[in-house]
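Here the protein sequences come in this chain order: Y and C.
When we follow my numbering, the leftmost residue of the first sequence carries the number 1, and every step to the right adds one.
When we follow my numbering, the leftmost residue of the second sequence carries the number 1001, and every step to the right adds one.
No lab work stands behind these hints, which were simulated from the structure alone.
We put the CB at the ideal spot given by N, CA and C, even for glycine.
All clues stand as given, with none of them false.
Simulated coverage check for chain Y against chain C, where a stretch passes if three residues somewhere in it have a Cβ under 8 Å from a Cβ of chain C:
| hint | stretch |
| --- | --- |
| 1 | 86–94 |
| 2 | 215–229 |
DSS-like, lysine-lysine: derived pairs with alpha carbons at most 25 Å apart:
| hint | chain 1 | residue 1 | chain 2 | residue 2 |
| --- | --- | --- | --- | --- |
| 3 | Y | K111 | C | K1224 |
| 4 | C | K1063 | C | K1158 |
| 5 | C | K1206 | Y | K85 |
| 6 | C | K1150 | C | K1063 |
| 7 | C | K1063 | Y | K281 |
| 8 | C | K1206 | C | K1224 |
| 9 | Y | K85 | C | K1012 |
| 10 | Y | K281 | C | K1156 |
| 11 | C | K1012 | C | K1156 |
| 12 | C | K1012 | Y | K281 |
| 13 | C | K1156 | C | K1206 |
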Amino acid sequence: MQLLANALIAGSLAALIAGGLSLVYGTLGVFNMALGQMVLFGGYVTWFLHIQMEIPLLVSIFGGAIFGALLSWFTFEVFINPFYKRHRFLPLVTTIALSMILDGLILIIFKSSPKMILKGLKNTVEIFGATISIEQIALIAFTVLILCSFAYVLHSTSIGRKIRAVVQHPQAAMSLGIRSPQLHRLIFIFSGVLASFGGIFIGIDQSLSPVLGFPITIKAYAAIIAGGRGHFWGAIICAYLIALIEQLVVGIPLLPGGNYIPAGYQHSVALFFIIVFLIFKPTGLFCSRLRTA
Amino acid sequence: MLSHNVIFGKGKIFHFGPMGVAIISSYGIVITLKSTGSFALAFLVGLVCALLISAVFAWLSVKLEPDALGVITLAMHIAILNIAINWTSLTRGALGIPGVPRLSFFSSNTTLSITMAVVAVLWIIFMLYLDRSSFGRQISALAEHEWYAKSIGISKIKTNFIAFFIYALGITIVTFFSMQYLTILHPNDFMFPAFIFYITCELAGKPGSVLGVSLAIALLVILKEGLRFMPVPTGLTGPLELIIFGVILFVAVWWRRDSVFPNTRSV
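Construct the complete structure from the given sequences, taking the supplied hints into account.
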């Protein structure tokens, strides 16, 4: 049960980040390699507002989300928009450049020591034999709330229908009068806000560290590749699946003699997902090939 | 780096895992050298290891779409690095392997430097020859328009495999000499930022251009080493280097945005 609880916590974090990214990849076909650093920036700004400026937590979280939106907007206008129209692989390289710049800025501004948004011991409760903190329960509930809200927007509003149309077939959507470029911008900013919430999640539950950037990016891409291009719910489900397998791999004695796989291999699960799915099922678990005339 | 330029710069193949090849080649060389003491055998083992992993990458380059190839080669690099760090009984993990024996001929750094410079010049000449050879034309043709290239008999499988094997040879030579110079093998030398330096040099020097990339390598290495002597606090040197090279990479892509991935010519 503890492994399941851990998987739920880690999966909620990954789902927040992978969900927004799947929309970006589905609509623009662009890999944002600076995603991990954008996640961290959201958390660090919240930490700065709450710990350094002593602003109440909820206001700090709101401030972190606003900063995430602004950073995404800047990223889209400078590093994505001028390039993806020329060739969709160019933003892959420009976002690598951005990731280096953001890494350097994080190290200069926030230094390399770990930062926690909530200090002190956490209050824990026991649920069905699993120990979980109140903050973790709140974070899981918040993630579910965000995802449910987005589900409502995606499936029950006109803008959600437009997003789904652009994801399924951008050219057909434009021929129906849907303004894809503005929608691309909006989707990218929304993915940045979700990424910021992911960083805030990390800062509250664990601690923020500059070295987390790249592993976060890889894990998010594992979820969207396994889920299928542009499939929002596929990415969410695969994020939880990857988190569950990561916990089981190191939490259950799988080696002969009742030995455990070393914990250092835990993060290789995401890599394994990427490699296996891209070789054997590149469309992912939940997607089929795009129908063409 | 010039051999990766053949793959990424000239062939437009999204090979983001050159560091993965370097890790396997390096550990093959060092472990064999420390076990047997034979430099020739160590080089051979390193080369075979590099060729085997390069064959896997070459196969993937034929099978996958470009962006998928980029992600999978990156994932494989990280997976190989994870194994090198966690397989402590073989690789000593994050501690690295110190005390790599040196050839008696390289007893002084001066001799080693001169030898490495000569080898570098010879490699540049080889790359220039390759660039102007039929192989160079074939890989350019495949990058420009795959269908048309195949229609005139150019084999993507054969061309890609040759390109990756040339890279394997180049990286084995590099790792052999770098182990002779450093005398320590550490997994930190094979992290993702090392690969970003490759890409920066290739984009700054013009993708596919041997002389351009050689010049870019020279200038950026001088810049990288020169940053150490700048009057900035020690803790700022690393982050400053990241920011400067990130900006250089962005400017290089912006400057060459039409030639990095050129649009296919059509009638």
